[in-house]
Each structure stands twice: as structure tokens, then as C-alpha cells.
Amino acid sequence: MMAGFILIAVAALFFPGLILRTKSVASGRKGPGLFQPWKDIVVLFKKGSVFSDTAGLIFRIAPSVTLATVAGAMLLLPFAEQKAVLSFEGDFILFAYLLALGRFFTIIAALDTGSSFEGMGASREALFSMLVEPAFFVLMATFAMFTGYTSFSVIFNHFYITGNDYVLIYSIIGAYLLVQIAMIENSRLPVDDPKTHLELTMIHEVMILDHSGFDKALIHIGTYLKFALYGSLIYNLIVPAGWNVFLQTGLFFAVQALFAVVIGFAESFRARNKMNKNPKFILTLSAISLIAFLVILILTEKLA
Amino acid sequence: MILLFFFIFSVLLSGVTLLSRKRAITMTLTLVYAAMLISLTVHAWINRGSTELVYFTYDSNAVLLLSVLAILTLPTVYHGFIYTSEDTVKRFNIYHSGLIALMTFMAGAYLANTMTVLWIFVEATTLAVAVLIYHDRTEMALEATWKYVFICSTGIALAYLGILFLGFIYGRGDAPNLSFSSFGLVISTANPLYLKIAFIFVLVGFSTKMGLFPMHTVTIDAHSVAPPPVSALISTTLMNVGFLAIYRVYSLFSVTSVLPFMNHVLVLAGLLSILIAAGYMLKAKHLKRMLAYSSLENMGLVAIAIGAGGYGYYAALLLIVLHSLAKSSLFYQMGQLSRILHTFRLDDSGRYMKLYPAGAMVLMTGMVCILAIPPSGMFIPELMIFRALVQNGQWFVLVAVVILLSFIIYAMSTRIMHVNFSSPRKEGDVRMPGSVNPVETVSQFILLAIVILICFYQPPFLVDLISQGTALLPR
Amino acid sequence: MVNYLIVIFAITLIYFASAERLSTYIRLVALQGLLLCGIAVFELKEVNLGNLLFIVAETLLFKTIVLPYLLGRIIRRSGVTRVHHQAVPGFYLILFSIIGLFISVILAMILVNPFINTIYLGIALFTLFTGLLLIVTHKLIISHLIGFLVVENAVFLFSLAVGNEMPMLINIGILLDLFVGVLILGFFGLRLKPHTNELTMLKD
Numbered sequence: 034m035m036a037g038f039i040l041i042a043v044a045a046l047f048f049p050g051l052i053l054r055t056k057s058v059a060s061g062r063k064g065p066g067l068f069q070p071w072k073d074i075v076v077l078f079k080k081g082s083v084f085s086d087t088a089g090l091i092f093r094i095a096p097s098v099t100l101a102t103v104a105g106a107m108l109l110l111p112f113a114e115q116k117a118v119l120s121f122e123g124d125f126i127l128f129a130y131l132l133a134l135g136r137f138f139t140i141i142a143a144l145d146t147g148s149s150f151e152g153m154g155a156s157r158e159a160l161f162s163m164l165v166e167p168a169f170f171v172l173m174a175t176f177a178m179f180t181g182y183t184s185f186s187v188i189f190n191h192f193y194i195t196g197n198d199y200v201l202i203y204s205i206i207g208a209y210l211l212v213q214i215a216m217i218e219n220s221r222l223p224v225d226d227p228k229t230h231l232e233l234t235m236i237h238e239v240m241i242l243d244h245s246g247f248d249k250a251l252i253h254i255g256t257y258l259k260f261a262l263y264g265s266l267i268y269n270l271i272v273p274a275g276w277n278v279f280l281q282t283g284l285f286f287a288v289q290a291l292f293a294v295v296i297g298f299a300e301s302f303r304a305r306n307k308m309n310k311n312p313k314f315i316l317t318l319s320a321i322s323l324i325a326f327l328v329i330l331i332l333t334e335k336l337a
Numbered sequence: 010m011i012l013l014f015f016f017i018f019s020v021l022l023s024g025v026t027l028l029s030r031k032r033a034i035t036m037t038l039t040l041v042y043a044a045m046l047i048s049l050t051v052h053a054w055i056n057r058g059s060t061e062l063v064y065f066t067y068d069s070n071a072v073l074l075l076s077v078l079a080i081l082t083l084p085t086v087y088h089g090f091i092y093t094s095e096d097t098v099k100r101f102n103i104y105h106s107g108l109i110a111l112m113t114f115m116a117g118a119y120l121a122n123t124m125t126v127l128w129i130f131v132e133a134t135t136l137a138v139a140v141l142i143y144h145d146r147t148e149m150a151l152e153a154t155w156k157y158v159f160i161c162s163t164g165i166a167l168a169y170l171g172i173l174f175l176g177f178i179y180g181r182g183d184a185p186n187l188s189f190s191s192f193g194l195v196i197s198t199a200n201p202l203y204l205k206i207a208f209i210f211v212l213v214g215f216s217t218k219m220g221l222f223p224m225h226t227v228t229i230d231a232h233s234v235a236p237p238p239v240s241a242l243i244s245t246t247l248m249n250v251g252f253l254a255i256y257r258v259y260s261l262f263s264v265t266s267v268l269p270f271m272n273h274v275l276v277l278a279g280l281l282s283i284l285i286a287a288g289y290m291l292k293a294k295h296l297k298r299m300l301a302y303s304s305l306e307n308m309g310l311v312a313i314a315i316g317a318g319g320y321g322y323y324a325a326l327l328l329i330v331l332h333s334l335a336k337s338s339l340f341y342q343m344g345q346l347s348r349i350l351h352t353f354r355l356d357d358s359g360r361y362m363k364l365y366p367a368g369a370m371v372l373m374t375g376m377v378c379i380l381a382i383p384p385s386g387m388f389i390p391e392l393m394i395f396r397a398l399v400q401n402g403q404w405f406v407l408v409a410v411v412i413l414l415s416f417i418i419y420a421m422s423t424r425i426m427h428v429n430f431s432s433p434r435k436e437g438d439v440r441m442p443g444s445v446n447p448v449e450t451v452s453q454f455i456l457l458a459i460v461i462l463i464c465f466y467q468p469p470f471l472v473d474l475i476s477q478g479t480a481l482l483p484r
Numbered sequence: 116m117v118n119y120l121i122v123i124f125a126i127t128l129i130y131f132a133s134a135e136r137l138s139t140y141i142r143l144v145a146l147q148g149l150l151l152c153g154i155a156v157f158e159l160k161e162v163n164l165g166n167l168l169f170i171v172a173e174t175l176l177f178k179t180i181v182l183p184y185l186l187g188r189i190i191r192r193s194g195v196t197r198v199h200h201q202a203v204p205g206f207y208l209i210l211f212s213i214i215g216l217f218i219s220v221i222l223a224m225i226l227v228n229p230f231i232n233t234i235y236l237g238i239a240l241f242t243l244f245t246g247l248l249l250i251v252t253h254k255l256i257i258s259h260l261i262g263f264l265v266v267e268n269a270v271f272l273f274s275l276a277v278g279n280e281m282p283m284l285i286n287i288g289i290l291l292d293l294f295v296g297v298l299i300l301g302f303f304g305l306r307l308k309p310h311t312n313e314l315t316m317l318k319d
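Chains as they are written, first to last, in the numbering used here: chain F, 34 to 337; chain R, 10 to 484; chain L, 116 to 319.
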């Protein structure tokens, strides 16, 4: 039962370092060590926090809430044929809205600081997550429609990638969509550049600009766990649930590593979008998810 | 056989005209073509009801509209000679070659008895008209030509979609034959939703040709920019082609359950056309554009006539015929007006009665005729339309149409009176007005006289022909 | 196999709404021509060989090679800036495209007919909608021309749906390509400028 939870946590240990390493190698450098991001977090734990006078309660509790929601979402994902820790009908809606709750708290904490830059970033972040939500829900709904169940654990138990042509097409589209959604939700290129230092161009980074010390560490841990979370979702899509457990463990880490490398390469060879192209870019994802929906409609014989 | 000869010779004439070196040769060839067209019409009258070359039938509607085309051939050619008399030989040839091609394709479209053949001929007319609209080679002409070809192509593509939907009705295994007679056999078992969709596509697609509401803008631009003799032809006979296409599909579907739906759609389209015509005519400053809006209004009336049913069917066909005669004479007059006043703009025109009384009389008579003021013959079909609307209880449509028609009467009559009697509003650069031999107006007076004659006496052969054409429609 | 082609076709239509450069449009049109050729080859099994060869040749040559080449020449010759002008911001284009996809799928489910493949109907309706959307929301006349090409592809798809019984309909639909050829000739012959977006001289 806890296997999924533990595996995701373990994968999160490697994930950010792998992305950084890939980006460095693609730029021709050697890059930092694999565990460097976590060493940074340990350093942060040792530091104290500085809170501004204008910030109130929300600012102090937001990072903890974020981490708590991500951990709660981790409880919902299954692994192999075991059920997840929490599993009931319609739990993918809880999944999406737990993550949304975390984001909500980050947004209002950003507004709580009273800084206009953070407010600007918060409004953009709210818009982009709103636009990406239909894509995610349509995708999940098509999963549910295809297999006939509405709980993550049960859906992935019954989803086989090698059905007929249409299932293959659907899985390819679904995997592509999940990768894109993951990159948007985690504020990566081409929507948001995590390395930018110009506040006018920041979206996610600017919201967490004022946190320090322990809180900052919590936020970073939440981000890394979210990455691994999406990686686990993609893994569940690709690999059928019935295979040998040890093989699956190995495949799990392989898929996560591959995911990290793909993100690293995609980031290295892409420029950041112009800000007003972003809504169009994200809405395109919803359009593609509609196509996936269409494919499933054809598949389940609801459309000839 | 005669039809085959007609088509082959027309194509040959059109091609040879392009190659001739002297104006006299082109003029002779065009007159030869006019003679051929008139003899084809006579042949059609004699052989009413028969089918030639598998795809062409001389049924009543075709014969009626073909006769209108034949009547208008000689005046068009005559006025065309006068209009293009100062052009280079090459442009002269292109103009007349295009004219021959256009009239051939229109004749083919009238006579076709299969949906696809009709469609092909309508597509061909678009190309011929484009050549003619661009005759002046000005920038406005270029713009109008491009818009015309493009939007007509889109309309034709949509009409083809409608035809495809008709094809869907057949299902598997039948040898499909898209001729109208064989459609009648399968139509009663077809899914009504398909019929509705097919009708809407066909209506929207052919409304580019007929000048009805959804795609009327292109015809307005084309008619105001084309040379006046060409305008006379395309504003009347080409709109008749569009009308015939829609009418054939309508009469095909009228035995099924989609009849009320089609009537509603047609009345709506007609009402919106008249509304747009009235609105724009009140601010029109270009005389040919005003006449183009008048064509739009008359086509709207025809659509309402068909949608109303009963008396409306007879009225629609009569209105189309009379409108062709009256509108063409007005357009011929516009050609002469441009030679005397050197402009079409309302602001720069005036004192026409003093400068050229014969032409001004044509304008006055033509105005009376086209606005359906008695003694114009067009009053009869309009009265029948109102009667049909009252019979159906469509009071709102009736009141709206009457109010809009009065706007149009106001707009057009003030403008034409202004041109005839007042002095120009802007006495800008006054060019010496040209002079035109009054003999040239004879053809226009003859056409208008026919229209006025119909008001008092409707010859039995005409009544018979029209009644035969509407015989299949439900009473 | 046909299923893959149809899904890729639908994806190209969505790409139309989100593309920014005119050269992307031309590449998409060429890709659509290729996909249509493939669909025709796999779908029309009951048509006699000569007719099938004609259709395949026409689609391949005309739609995939000749037309994009001519369009590319127009763009390069007139130096139209690579970003096309539109009257509506890109965001709304995608939104309308999505709404169009919805409407086409619903319409196809309503119009279900045992004799036609419903998938063709749905995708053809979506193609029609996208083509009309392109014509209505763009200002450059070269974009209008590309929109017309997409409408033509819709007509081709529709006629493929009944193509096995009535191959004549497909042949006549190909005549529409002739029209496009004439329109393009107009660009060359009349020296139209593709970035003419001031077609507003004809007023009252």
C-alpha cells in the first residue's frame, strides 16, 4: 500500500539533480552533483526565517500547506497492482484539487506580502492553471470513460496500452499531454523560466520570492515531490499494471529518469514564450486533450 | 443534336474572337453568336419537354429563362459595341469572347437537368464573369474581381457540399443518378435532417449567384464596378441562374416533410435581404450601387414569394422575368449616363433632363417600372405576393415588407429625381457633358414597354408557360 | 491505418489555429494533401483502378506539391512578413477551434447514418469549420486563400465518405482545385499583393 508513496519520495531525491545535470551537459558543462539540490535544502533547514511586518498568518502557514497537499496527493497514486493508501470513487478529482489548494495558498500568500511583483506573478499563475485544468480533467475523464472506473487505482489496473490502434494513439497523446501539463504546473519552460532573475518576467519564482530559510526549504521539497508525482502518473499510463513487481520497480525509476532527462533536454533547447503567447499555448493543450477524448469516443463505440 | 452544335460552335466562336485582328470581324462573330442563341431558344420552344444529350432538358422553367436571355442578347451586344468602341482591339476581343462564354454557360446552366452538370456550369460562369468585371483594369475593378471570384468559389464549394449531402440519401448499392427526375423517386424515404442540411448548404452556396442574404455582398460590389452592359446581364440573367438552382432543389424537396422548414428559411432570407437593401440604399451615393441594391431587394421579394407558397409561386417566376427586363434597361441607361455626365457619383450628377431628355425619360420610366408602381407590370406579382402572405396569415412579414419597400421607393425616387432635375451638389470640375444619339435608347424603351404591357395584358402563352413551371409544387 | 491518418489530420487542423507564420500554414496544407492521398488509397477499395490512380495522382501532385510550391513563391516574391496578420487574437482562434470540434462531433453523432462512416462526417465538418474560421478571422488575402484550400479538403473528405459508390462525385469535387489554380494565377497575372488587407475601397 505504501509502496507507491515511498517510491515517489525516493524518486524525488534524484529528480531535480538529474534535470540540472542534463541541462548542464547539454550546455557543455559538467554541472553540479546529483544530490546538490537536496544539499541546498539541508543548508536552508539550518537557516532562520525572516518574516516581514506586513505579512500575516497566511504567509507563515502557506509553505506547510503546500507541502501537505502534495504529500496528500501522493497518497492517492497506486503502484503496480496494489491499491493506493487512499482510494475511493472519483479520487482523481481530489487529486487535482489538492494540488489546486496548494497553489491557492501560494497565491494568497504572495498577495499577503503586499508586493506588487508578487501580485503580478500570482495573477499570471492563476490564469495559467485555470487554462491547464480543462486539459487535465478531460484527460482523466477519458481514462475513466475508457475503463469504466473512477478511482486511480482501479483505472490503472484495467488500462492496457496494447489494445488496438486507437489505444496506442490515445496513450501517445496522453503521455505527451501529461509531460506538458507537468511542465506547466511546475513552472518550467516554455511557460516560465526558473532561472530568470527579472521580476517582470517571473511567474512562479516571484510568488515565493519573500520566503526564507525553513519555509523556502519546504516549498522546494514540495516542488520536487510534485515532479516525481507527475512522473509516477506517466509511469502508470505507460506500463501495464500486471507485470512482475521487481521489473516494475526498475521500470519506475527508469521512467522517472527518462522523464527528468526529457525535461532537461526540452528546457535546454527551448526559449521562453512571449508572455501573451502563453494563454494560446496552454489552450492548445486543451484542444489536444479534446482530440484524445474524440479518440476514446470512437474507441468505446459511442461514435460509430 | 442542335444543342451539341450550339455548344461546340460557341466554344469555337469564343476562341476565334480572341484571335481576330479587326473590330469588324469580332462584331460579326458576336452577332453570329446572338443569332445562334436566339435560334436555340426557338428550338427549345418547339421541343418543350424533351431531353437532349442526356443531361439537358427543355422544361418550362428553362425555356422561360432562356427566352429572357435571348431577348436581352441583342441589346447587350449592341450596347456593348458602343461601350467598348474606344478600346484597343485586344481588349475588345477579350470582352466579347468573355461575353460569348458567359452567355453559353448560362444557357447550359438553364437547361441542365442534373445537379452536378448545373453545378459545373455555374462554376464556369464565375470564371467568365471575372474576365468581364476586370475589363476596366482599375484598382477598384481588381478588388471587385478578386472578391467576386473568391467568394463565389467558396459559395460553390458550399453548394457542392449540399449536393454531396443529397448523394448521401442514396445509400449503398444503388446506381446513383443525380438527375432531378430520378431524385423524385427516392426523396420520400430520405432522412429529413439530411434534406434540411442539404437545402441550407445549397441556399447559402447559390446565394452568391442569386444575390440573396447570406452572401449578397459580392454581387453588390460586382454590379457596381462592372461595365454597364455586363452589369445588365449579370444583374438579371445570372441571378436567374442562381434562382433556378435554388428553385429546382426547392421543388424537389417540396413533396417531403421539410417544406415548412424551407419556407421559413426562404422567407427569413428574403426579409433580411430586403432589410439590408433598404438600409444601404438610403445611404447609397453611387448610382450603379443603388441599382445593385434594388436587385438585392427584388431577389428578396422572390425568395419571400417562394416561401409564401400558393399564389407566390406564379408571382416569383413572373417577377423574375419582369425584373430582368426592367433592370437591364436601367443598366443600359447607366452606360449612356456615364458618357454624358462622366461620373456615376450622385453628388456630381444633375440636370440630366436638360442634357439628354431621352435618357432622362428612360430613367423616369425605368424607375416607375422597377419600383412596382402601377402601371408597371411588376405591380402584379407584388400584389400576388401580398395576397399569398395574407392567405398564410404572415402579418408580420407583410407589414415589414411593405414598410421596407416604401423606404426603397423613397430612396430610389429621390435619387433619380435629383439626377434628372436638380443641379449637381458639387459643382466641381465641370467637364463638358458628352452627347449621345437618342436613337440608342430605343432598345431600352422597348424593354420597358414590354414590362408596362404585362401590367394590362398577360399573353396566354406566358401564363401557360409559368403555370406549367409551377405545376409540380404543392398548392 | 486510416485511423492514424484521420487523427493526425484532426491534429493539423488544431495546429492551424495556433500557428503563427505563413510558411507553417503552407507546410500544414502540404501535409494535409499527403494525408488525404493516404486516406484515399486506403479507403477507396471498390473503385476501379484507373479512377483511383487519377484521384491519387491529383491529390499527390496538385495538393501536396504544386499548390504549396506556388503559394511559397507568392510569399517569397512579395516579401510578406512572416507573421500573418489576424483580426482576432490567437487565443480566441483556439477557443473557436475547440468549440468547432465539439459542435462537429455532436453533429456527427446526430447525423448518424448506417451508410456513411461517422468519423469521416465528424472530421469533415470540423475541417469545414476550421476553413471558414480561417477565412473569417484573417485579414490578408493569402490567408483567405489558405482557408479556401482547407474548405476544399473538407469537400474532398465528404466525397470520400460516399466515394465507393459514387466516384464521379470525387472527380467533380476535384474541379474545385481548378478554381484554386485560377485564383493563384490571379496573384501572378494580376500582380495582386498578398498582404493587401485594405480591400475596403468599395464603399457607398
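Do not rely on the hints blindly, as some may be mistaken.
[Stated by the list, open to error] Cut-off 25 Å, straight-line C-alpha distance, at most; resulting in silico cross-link-like pairs (PhoX-like, lysine-lysine):
id	chain 1	residue 1	chain 2	residue 2
1	F	K79	F	K307
2	F	K307	L	K254
3	R	K363	R	K435
4	R	K435	R	K292
5	L	K254	F	K310
6	R	K156	R	K294
7	F	K228	F	K72
8	F	K56	F	K72
9	R	K156	L	K254
Treat the hints as calculated values from the structure; they're not laboratory data.
- Item | Ascending list of hint numbers which this structure does not respect | Of the numbered hints, just 1 does not hold.
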